[in-house]
Every structure is written in structure tokens, then in C-alpha cells.
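*Asks:* Spelled out, the chains give:
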Amino acid sequence: AQSVTQPDIHITVSEGASLELRCNYSYGATPYLFWYVQSPGQGLQLLLKYFSGDTLVQGIKGFEAEFKRSQSSFNLRKPSVHWSDAAEYFCAVNSGYSTLTFGKGTMLLVSP
Amino acid sequence: NAGVMQNPRHLVRRRGQEARLRCSPMKGHSHVYWYRQLPEEGLKFMVYLQKENIIDESGMPKERFSAEFPKEGPSILRIQQVVRGDSAAYFCASSSGGDDQPQHFGDGTRLSIL
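Line by line, the protein sequences give chains A and B. The first sequence begins at 1 in the numbering used here and counts up by one. The second sequence begins at 113 in the numbering used here and counts up by one.
Since the hints were derived computationally from the structure, they do not count as laboratory data. Being a predicted model, the structure only gives us computed values, none of them experimental. Any given hint could be a false lead.
Said to hold, decoys possible - Some chain A residues judged to face chain B by a derived CB distance under 7 Å, without partners named:
#	residue
1	LYS49
2	SER98
3	THR99
4	LYS104
Beta carbons: idealized from backbone N, C-alpha and C, even for Gly.
Just chain B, same shape as in the assembly (with noise of 0.2 Å):
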């Protein structure tokens, strides 16, 4: 499978705990972004990263939140003292770069807290 693979699909956590969500972008993709989507609701941007870089993370929130995209391995968006609130679907696309390309998106990460 050559597409977005994210894991795990679902995450259940305490309130106080940490979520930490993968993401392996399409092959030959170095682009990758995440984005959040709560119920009835469409999907709002978080944050945008290319290989060892934040390129725009004006949709995170500023505390508890952070991501990383390393030079191997996946990018990883972690959720640091969890809160009811932070329940939702959380969904990372990739592409190769340039407004005029397209995202692909994963199946995405179902976060519930407890």
C-alpha cells in the first residue's frame, strides 16, 4: 500500500495522559500536514511540515501540542496532558510540494478521552 498510512487508527487515553499519532507520508512524498476534524464539523489545519521543518503551524494549539517530521521515520503529532476536549478525528495528508498539488490523506487517527 503506497498511500497515507497512519497508526493507530484508534487511541484511547486518560484525561492527564499523552497521545502520540504517526503518520508515513505517500512514497516519494516530503510534505505532510495534519489536520483535525471535530463532529459536524469540516477539517481544520494544524500544522504543515517537510523533513526536519515547521513550515506553518499557525492551526496548532499553542500549548500541549507539538509535531515533528524527522529525517527517518514518520511524523509524529503528540498531544501532551490530554483533555476531553482534544476528542476527535485527527487526519495527516502528504504531498510532493506546491500549491498545485494535490493532498492525499490518510484514514486518519480516532482519539477518544476518557
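Excised from the complex, chain A in its bound form (with noise of 0.2 Å):
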């Protein structure tokens, strides 16, 4: 069965201060791939997502993300980390039985 990890529960980044949110995931084939963001109290809003091309693919908000084959890893990443980023974000994938399995998150906390 198919599996996603996140192994950052929790990740503090300063202000302008770069990003990177780690996702692993378990798949035999090449996966369709997701990040969410999840404000508190709301739903899910879809950052960006991969299905096959260029393994960089650019989000909403200034996201990007990179598909590691031989790592089985999409992370997210930006450059510059604002206050309004601070979120809870969740790495999903789509192995084709049109449901998504979603990792635990990772609570971002942006400090001044």
C-alpha cells in the first residue's frame, strides 16, 4: 500500500528565512503528487501538484517543488518565508485508485 511520510512535525523558520518541508513517499510506479496547505479552522487549499514533465514544478504563493525519483521525494520549498506562510502543510499522493493518502503534516511557525 502506498504511504507518505513527512518526518518534520514541527519546523520554525525566521521571517525571509528559506524553506524546505521534506516528504517521502512509498509507490511502486510513478506517483501523482500533491501539497496542500491547511490555514487553522480551514479546509485544504491545493499548493501545487505533479503528474509527469519537469520534475520542478511552481505552486501558488511562491511555492515550488522538486520530484526525486531515486529519492522518492517531493519537497516544498521557498525562497523567502513570510509571516502569512505559517500553516500547517501536507504532502498527499494519488496512486490511482483516484483517493489520496496523506502524510501527518508539518506545522510551519514563522518567527520575526
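From the two separate chains plus the hints, produce the assembled complex.
*Replies:* Okay, here's the thing in C-alpha cells:
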């Protein structure tokens, strides 16, 4: 069965600093990969998705993610974090059964 | 608002009562998914429906839980005889179908069991 691991439960980053959130997946073939963001009391908003082609994908709000097949990873990055980026981030995989398997999430805290 | 609409946003029930959660998909979407989020956990898939059909219910508890998506009206997630362990946030997502189509989420229903 497919699985998603987000090894960092919490990350604190200074405003203006760069950010990288880690995501590893377990799946035999090339999966469809997603990053979502959730603000407190809200639903999930899609940041970006990878299906095929260029392994570096651009998303909304200045986020990007890189698919590395050899490492089974799909890490999320942002060059300069803003205070409004504080939220919980979820990596998810759609392995072809039209349902999403989520990681447990990484809570991003932004310090002034 | 053309997004996924869930209601109610908050629902309080006593043990043994029934809970009904509603989801109207995004306009043009005919595929609906229900997920449950427990504290400090990611979202767990429960059920996938298309109009009038249950496609995959492998994540649904075998008892007390049911879901439907009728030809007319919203999708309903129904929990009978609720217990404390049912307290969670329940999210609905919709898509136009296909594994390469992203799912769009509603703001969820927070269910609290007294």
C-alpha cells in the first residue's frame, strides 16, 4: 500500500529565510503528488501538483517542489518565508485509485 | 462561491444521536470524497462517490457510517449512534474525475460528541 512520510512535525523558520519541507512516499510506479496547506479551522488549499514531465513544479504563493524519483521524495520549498505562510502543510499521493493518501503534516511556525 | 460547500461547520451531538454532514461539490464536479482528520493526524480517506454510486468505501468503518450522493442534492455522510471517538473534523473534496485531476476541499465539519 502507498504511504507518505513527513518526517518533521514542526518547523520554525525566521521571516525572510528559506524553507524546505520534506516528503517521502512509498509507491511502485510514478505517483501523482500534491502539496496542500491548511490554515487553522479551514479546509485544505492546493499549493501545487506533480503528474509528469518537468520534475520542478511551480505552485501558488511562491512555492515550488521537486520530484526526485531516486529518493522517492517531493520536497516543498520557498526562497523567502512570509509570516502569512504559518500553517500546516500536507503532502499527498494519488496512486491511481482516485483517492489521496496524506502524510501527517508539518506545522510551520514563522518567527519575526 | 463556486467552491466545495460543507455544512454545518460545527456540529455537536450527544452519544447515541445521529450526525448528518452535507457536502455540495464544486460546480461541474461529479466526484466526491470524504476524509476524516483526527487531532495531530493527517487526513484519512473514508469514501469515494459519484452520482448515485459508491465507488470505493474501503476507508469507512463497517458499522454506523454510511454515505450517499443522490442524483439531486448534496452528498451526505451519516453517522448513527455516535460515540466519543467519532469526534473529528470531516472534510469533503470534489473533482471532475481522473487521477490527474486535483481534489478541491471544503472547510470541513467539526463534529464534537458530548
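*Asks:* Would you mind marking each hint as holding or not holding in the structure?
*Replies:* Evaluated hints:
no. : hint   : result
1   : LYS49  : 5 Å, holds
2   : SER98  : 6 Å, holds
3   : THR99  : 5 Å, holds
4   : LYS104 : 5 Å, holds
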